[in-house]
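So the sequence lines, in the order shown, correspond to chains P and G. Going by this note's numbering, 112 is the number at position 112 of the first sequence; the sequence numbering is gapless. Going by this note's numbering, 213 is the number at position 213 of the second sequence; the sequence numbering is gapless.
If you are wondering where the hints come from, they were derived from the structure by calculation, not from laboratory data. None of the hints are false.
Below, simulated DSSO-like cross-link-like pairs (lysine-lysine); rule was C-alpha separation at most 27 angstroms, straight line:
id, chain 1, residue 1, chain 2, residue 2
1, P, Lys-248, P, Lys-301
2, P, Lys-325, P, Lys-148
3, P, Lys-123, P, Lys-110
4, P, Lys-248, P, Lys-148
5, G, Lys-117, P, Lys-244
6, P, Lys-248, G, Lys-117
Looking from chain G toward chain P, a few residues come up when the C-beta cut is under 8 angstroms (computed):
id, residue
7, Pro-211
8, Glu-215
9, Gln-266
Since the structure is predicted, the reported quantities are computational estimates derived from the model, not experimental observations. C-beta atoms are modelled at their ideal positions from N, C-alpha and C, and glycine is treated no differently.
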Amino acid sequence: MRKILKLAVATALLAAGAMTAGAANAADPLKVGFIYVGPIGDHGWSYQHDQGRLAIEAALGDKVETVYVEKVAEGPDAERAITRLARQGAGLIFTTSFGFMEQTLAVAKKFPDIKFEHATGYKRADNVSTYSARFYEGRYVIGQIAAKMSKSGIAGYVASFPIPEVVRGINAFLLGAQSVNPDFKLKVVWVNSWFDPGKEADAAKVLIGQGADIITQHTDSTAPLQIAEEQGVVGFGQASNMIKFAPKAQLTAIVDDWSTYYIDRTKAVLDGTWTSTDTWGGMGAKMVGMSEYTNMPDDVKAMAMETQAKITSGAFHPFAGPIYKQDGELAVAEGAVLNDGTLAGMNWYVKGVDDTLPQ
Amino acid sequence: MTGLEAVILTIITASTPLLLAAIGELVVERSGVLNLGVEGMMVVGAVCGFATAYTTGSPYLGVLAGILAGMAMSLLFGFLTQTLATNQVASGLALTLLGLGLSGLIGESFTGLPGVKLQPIDIPVLSEIPFLGPILFGQDILVYISVALVFVVSHVMARTRTGLVIRAVGDNHHSAHALGYNVIAVRYGCILFGGACAGLSGAYLSLAYTPQWIENMTSGRGWIALALVVFATWIARRVLIGAYLFGTVWIMGLYAQALGIGIPSQVLSSFPYLITILVLVLISRNRTLTKINTPACIGQTFVPDR
Chain P
1 MRKILKLAVA
11 TALLAAGAMT
21 AGAANAADPL
31 KVGFIYVGPI
41 GDHGWSYQHD
51 QGRLAIEAAL
61 GDKVETVYVE
71 KVAEGPDAER
81 AITRLARQGA
91 GLIFTTSFGF
101 MEQTLAVAKK
111 FPDIKFEHAT
121 GYKRADNVST
131 YSARFYEGRY
141 VIGQIAAKMS
151 KSGIAGYVAS
161 FPIPEVVRGI
171 NAFLLGAQSV
181 NPDFKLKVVW
191 VNSWFDPGKE
201 ADAAKVLIGQ
211 GADIITQHTD
221 STAPLQIAEE
231 QGVVGFGQAS
241 NMIKFAPKAQ
251 LTAIVDDWST
261 YYIDRTKAVL
271 DGTWTSTDTW
281 GGMGAKMVGM
291 SEYTNMPDDV
301 KAMAMETQAK
311 ITSGAFHPFA
321 GPIYKQDGEL
331 AVAEGAVLND
341 GTLAGMNWYV
351 KGVDDTLPQ
Chain G
1 MTGLEAVILT
11 IITASTPLLL
21 AAIGELVVER
31 SGVLNLGVEG
41 MMVVGAVCGF
51 ATAYTTGSPY
61 LGVLAGILAG
71 MAMSLLFGFL
81 TQTLATNQVA
91 SGLALTLLGL
101 GLSGLIGESF
111 TGLPGVKLQP
121 IDIPVLSEIP
131 FLGPILFGQD
141 ILVYISVALV
151 FVVSHVMART
161 RTGLVIRAVG
171 DNHHSAHALG
181 YNVIAVRYGC
191 ILFGGACAGL
201 SGAYLSLAYT
211 PQWIENMTSG
221 RGWIALALVV
231 FATWIARRVL
241 IGAYLFGTVW
251 IMGLYAQALG
261 IGIPSQVLSS
271 FPYLITILVL
281 VLISRNRTLT
291 KINTPACIGQ
301 TFVPDR
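When you get a sec, could you build the whole thing from the sequences and use the hints?
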């Protein structure tokens, strides 16, 4: 009997304790959830998003708590993963791959009080924002470096799929190169995969075999840069700083930097000022960064930094006219700048690309 | 380096992993076992090879670890299909899924690390001969092993008693059993050999082809190796031809793109598969030849009556 009494008292005490804890709930940290398509150790896309998550923790401390799910396949699986985060009490969820678009919207409908942020998508709702980065700004800078560093005047581009994002990158790279050397040549090899180190390496070898002494890529592995290192040519890192894979070959890397945006958006939820928006930020918004300029002479470095500064301040736009399409047709007149709508759906090459765009 | 030399060197690296995995699977299938787990064994070989080479700093230890890992995976398959007499197709598919998952787990702390490259042997003087030197004498050891394996397997299969026993087991396990051969033991041996080759092929990927570990880095090469065995109608030398044909067409597709030939890249990258199918059709027209070499008992479970 006495035992039971003790138990009852203990339970009551515990319950009281739980209630005081419940009262403290108002100051509970905001739970921020992340869905990644790859492993965070991919050293590219998902890795950079995770760096953004860590930045939130570092900046906002105990006001937030973050959770993530990695290696979520695009498609029905994603809906389950997002729902789970929502059920776990997340107040803000970042879904960080294009293929999570429909699933994000579906879950957002069921949880109207939770805020969602979908990367690289174009469909929004009252509680779903979209965001992406203007990586082409970085491509223009590396194009300029390429033209300065190349002896053969030919660069090789390992490309994934002929979608606007990739085509825009190729064009920006070549426009940058042409601003230094108008006769600069660009060879493109499509591997039809985002991620196949073997194929990417083969493509890089083929491009080097055809005279390219600069290798750049729009695929996710470090393989093309490693081949560049091995064969004594130079290249650029993709999405993340890849210097440890190619200490002699990496000139710089275009680094996806989501931290500023992630911190801002999390703060907005904490303040209650969050609204559904569409963000497409570049160097100015600190969403695109360049890793340290290495393995190049000082004048090239100075030029790259100057261009980077001009793009950051908004004084210069990589797609400022005059720009000619591959067949010579004038696409952007002198003094004009290509508008965001055309940029977002870009499906044509600029003059000088030595490739036929797969349709 | 001349253009053609670069092409040939690239073709060799692209073909070698296919050749290694296919020659192992050929022996397995010749003994009447269909192991669809090549991809799984390969990917585990790749991660164990990388992890060992990274930890010890020796790519050769890595190669050894790749072989052992492939064998360990195949031993599991052997236990399931031979000792427990489960369905080979299902077990093989399960082995692939297991391998892909397991390798991700093992490799978790090894992703994004620069690897240790298996250096070419570079036989002095000989490798300095223009053109032929780097192609014939400047490869890494696994390239030589892959080609040597073809001839060894070819010889053993056609000319030795061991080969005869393997073929007998694969063609009619009941007769072989009645003659007093231990069907299960022979098949275990072949399965282990296949596992070793697949593991070696995986190690080639993570140590020589692209020295790094990335999840799912085999990206379907195990399946191509399986197809190559059928393509070769279970004749070892034809695996050599098949693997190099596949590699050549693949690399030529990339070259055509870089040269700016106006064929859409999607069509070019499907060429290796189209050509493989075409050759398969042509080969299957000679029914007698195909029939002679197809292991009659392939995929069938054998339970000895005691």
